[in-house]
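> So you can see what is in the structure, the chains are spelled out below.
There are 2 protein chains.
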Amino acid sequence: MSKPKIVILGAGYGGLVTAIRLQKLIKADEVAVTLVNKHDYHYMTTHLHMPAAGTDHHENARVAIKELIDERKIHFIKATVQQILPEEKKVVLADEILTYDYLVVGLGSETETFGIPGLREYAMTINSINSVRFIRQHTQYMFAKYKLDSKHKEYLTIVVGGAGFTGTEFVGELADRIPDLCQMFDVDPSLVQIINIEASPTALPPGLPNDLVEYGMDVMRRKGVQYKLSTAIKACEPGGVLLGDGQFIPAGTVIWSGGVRGNSLLQDAGFHVQRGRVKVDDYLRSLQYPDVFITGDCSIVMSPEGSPYPANAQIAVQQGYNTATNLLHTLRGKPLRPFAYDYKGTVASLGRGEAIGILKVKKVKGRLAAFLKKMIDARYLFLIGGIPLICKKMIFKQKQATRKRHVRN
Amino acid sequence: MSKPKIVILGAGYGGLVTAIRLQKLIKADEVAVTLVNKHDYHYMTTHLHMPAAGTDHHENARVAIKELIDERKIHFIKATVQQILPEEKKVVLADEILTYDYLVVGLGSETETFGIPGLREYAMTINSINSVRFIRQHTQYMFAKYKLDSKHKEYLTIVVGGAGFTGTEFVGELADRIPDLCQMFDVDPSLVQIINIEASPTALPPGLPNDLVEYGMDVMRRKGVQYKLSTAIKACEPGGVLLGDGQFIPAGTVIWSGGVRGNSLLQDAGFHVQRGRVKVDDYLRSLQYPDVFITGDCSIVMSPEGSPYPANAQIAVQQGYNTATNLLHTLRGKPLRPFAYDYKGTVASLGRGEAIGILKVKKVKGRLAAFLKKMIDARYLFLIGGIPLICKKMIFKQKQATRKRHVRN
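In order, the protein sequences belong to chains A and B.
First residue of the first sequence: 1, per the UniProt record's numbering; consecutive thereafter.
First residue of the second sequence: 1, per the UniProt record's numbering; consecutive thereafter.
It is possible that some hints are incorrect.
Just so you know, same-sequence chains aren't split out, so a pair can sit in one copy or run between any two.
No more than 25 Å apart at the CA atoms, straight line, and that leaves these computed lysine-lysine pairs for DSS-like [claimed, not checked]:
| no. | residue 1 | residue 2 |
| --- | --- | --- |
| 1 | 5 | 145 |
| 2 | 38 | 145 |
| 3 | 363 | 392 |
| 4 | 89 | 78 |
Read the hints as simulated data drawn from the structure, not as lab findings.
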């Protein structure tokens with residue numbers, strides 16, 4: 001009799017935590033676990049705004065998967081998933097087809113463009129190591145290009161569409177980076193514009209009380225960020241963005257952080273989706289295929305009040321824990337444990353030494369919030385890789401030359 | 001009676017050395033000296049290949065002019081020269097018109113495209129701080145772009161047109177930089193191509209003996225440089241270069257170092273020019289306007305054998321010395337001193353720790369040549385700014401993060 005086969009797709013927060021928990025819980029000969037991921041590293045999506053802005057090295061936002069998994073218990077395949085065949089219990093990769101008894105889908109999100117023309121072609125997104133490395137290079141490239149042809153002042157304008165969590169955290173870092181970029185390229189800082197455009201009437205992550213939002217926007221404005229609220233982007237073009245009111249903003253760099261949707265492979269596979277995401281049962285399983293667990297941005301978990309929880313790293317990590325436990329219970333014939341989201345709060349960084357957030361019901365801001373943000377990051381690193389990973393990514397971290405203040409540029 | 005007016009156009013090797021020598025020789029009330037330059041810094045053209053490749057910081061290739069001149073003796077204007085009017089003894093700048101009794105033209109060179117279509121639009125050149133900063137950013141940008149769309153392998157191909165002095169020194173540095181770029185962007189080094197294309201049948205600076213050329217090409221090939229000799233570039237297009245034989249080489253980066261000509265302002269002003277350069281008399285004065293001295297890449301100095309000396313930093317510096325002396329002698333009514341070029345040799349860098357060259361008649365190569373190259377740079381820094389400048393640019397130099405080997409990327 002062959003061992004049951006578990007296949008985990010995606011090594012984001014949900015998939016990786018499932019794998020790491022599972023390798024602690026299972027015996028090596030009990031089950032065959034395969035983890036499939038596009039890259040041979042896991043990256044911390046919540047940290048990507050920093051390498052995107054260039055205030056931290058991208059190396060501090062990722063960890064090699066082989067450093068985290070026990071290869072005696074988990075077989076890792078670096079591959080891009082082509083197709084999921086839930087009826088046949090198969091997953092198609094470029095070079096092979098995997099069969100499974102239980103599947104965990106943690107394939108993350110895709111950009112939601114809301115049908116805005118040109119966004120996919122001309123706007124950049126903060127969603128992978130490759131994409132943020134590109135954003136950083138693109139921004140620098142525009143500064144260098146401006147110095148060759150200084151009539152193009154728009155090369156120094158950076159438009160960020162979306163002032164939610166990711167948009168805000170990126171803009172906060174970017175504003176911190178501008179003085180370094182100006183020094184690096186001999187550019188007058190007064191020529192640089194950062195314009196954050198948001199369709200809804202408020203900036204900053206939703207759900208924060210008004211006074212925190214005001215505090216946060218004040219911090220950002222003092223750094224030079226311009227807000228355009230209640231403003232829709234109608235189209236993105238090679239040289240800038242067209243607003244709903246017909247105004248065209250010329251910009252060398254356009255970043256879109258206006259929204260995400262679930263990975264389209266799920267819809268392609270016949271799962272019923274809402275904006276690409278699949279509604280799951282109390283045990284995080286597909287309602288159509290109970291042998292498929294879905295975690296993270298691909299899943300919709302309903303709150304007891306009947307509204308879906310927002311997708312974020314916090315819930316994905318907890319889903320990973322729950323899924324690992326339920327996989328084990330399934331194998332051992334034990335009753336499954338229903339998923340209960342333990343919301344601990346939200347802290348959004350506003351750049352160097354500044355943040356705002358809510359912990360349970362307590363508001364936090366300023367240096368304390370910034371410190372808490374660091375602690376949240378540290379806690380996650382500890383969870384997946386223990387003290388050594390905290391040392392590597394946070395304490396003895398990769399140096400980012402552009403941030404070194406003492407360098408005369 | 002007003003003081004005689006000397007105007008020096010350009011703070012390259014020729015103009016800057018003229019100014020620095022002049023301020024040593026003259027008394028403050030003897031003559032009004034004005035130095036006009038496009039930038040408020042002087043840059044060492046012979047060092048530009050390093051920041052272009054990204055193996056050194058551009059800051060180590062420039063010096064603020066105010067650090068070098070004595071403002072009690074030399075009035076500095078940061079401006080671009082619009083027009084020279086030698087009949088009226090005037091120089092037109094954007095915001096003012098200067099009059100002179102004696103003019104020194106050291107306005108440097110322009111790119112010689114030999115009429116090859118597309119070169120001006122799509123190829124980059126190694127000729128200023130701005131241009132090399134751009135080359136560096138462009139190369140990095142192509143690596144980042146490749147990671148977003150890895151079917152475009154041509155993004156990783158760098159074509160350098162011209163395998164003379166500048167082309168060779170750049171290619172040597174670039175080959176050294178590739179491992180760092182590959183690490184920085186997770187790129188397989190075997191995908192990167194550096195192709196140096198040269199119309200003449202030999203690579204490396206002209207005038208070197210065959211055994212040195214062979215040694216040099218061997219060093220370069222071992223670093224991964226591919227040579228295409230006796231090969232003309234027929235056209236440069238946005239995605240690559242078209243060769244004389246009809247072959248198209250797709251390339252994300254094209255650098256043109258195939259030749260330079262004198263600044264076109266001279267021709268515009270009615271000077272008789274050959275490839276933009278003006279033939280001068282024994283005292284480095286225009287044959288048409290003896291109150292105009294011409295130095296550096298704008299001038300043609302004939303050797304006693306009757307052929308023009310190649311334009312380079314070495315001759316320009318010596319011309320600066322001579323011109324300062326002759327300006328003084330003119331003012332004081334003393335006989336002028338004819339210019340005699342003292343050729344000390346040539347050393348071309350081939351990247352880290354490698355160089356080849358000739359000192360008078362002695363051949364040098366390898367580490368010794370690389371050391372001599374450093375000494376030549378140091379000597380020039382000493383000449384214009386003394387020991388403090390050597391310390392600043394060579395010893396306690398600006399750090400270049402991308403070269404730091406110990407950083408795990």
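> So, for every hint listed, does it hold in this structure?
Each hint, compared with the structure:
no., hint, in the structure
1, 5 with 145, "neither (53 Å within a copy, 38 Å between copies)"
2, 38 with 145, "between (33 Å within a copy, 18 Å between copies)"
3, 363 with 392, "neither (31 Å within a copy, 49 Å between copies)"
4, 89 with 78, "within (20 Å within a copy, 72 Å between copies)"
Checked against the numbered hints above, the structure violates hints 1 and 3; every other hint is satisfied.
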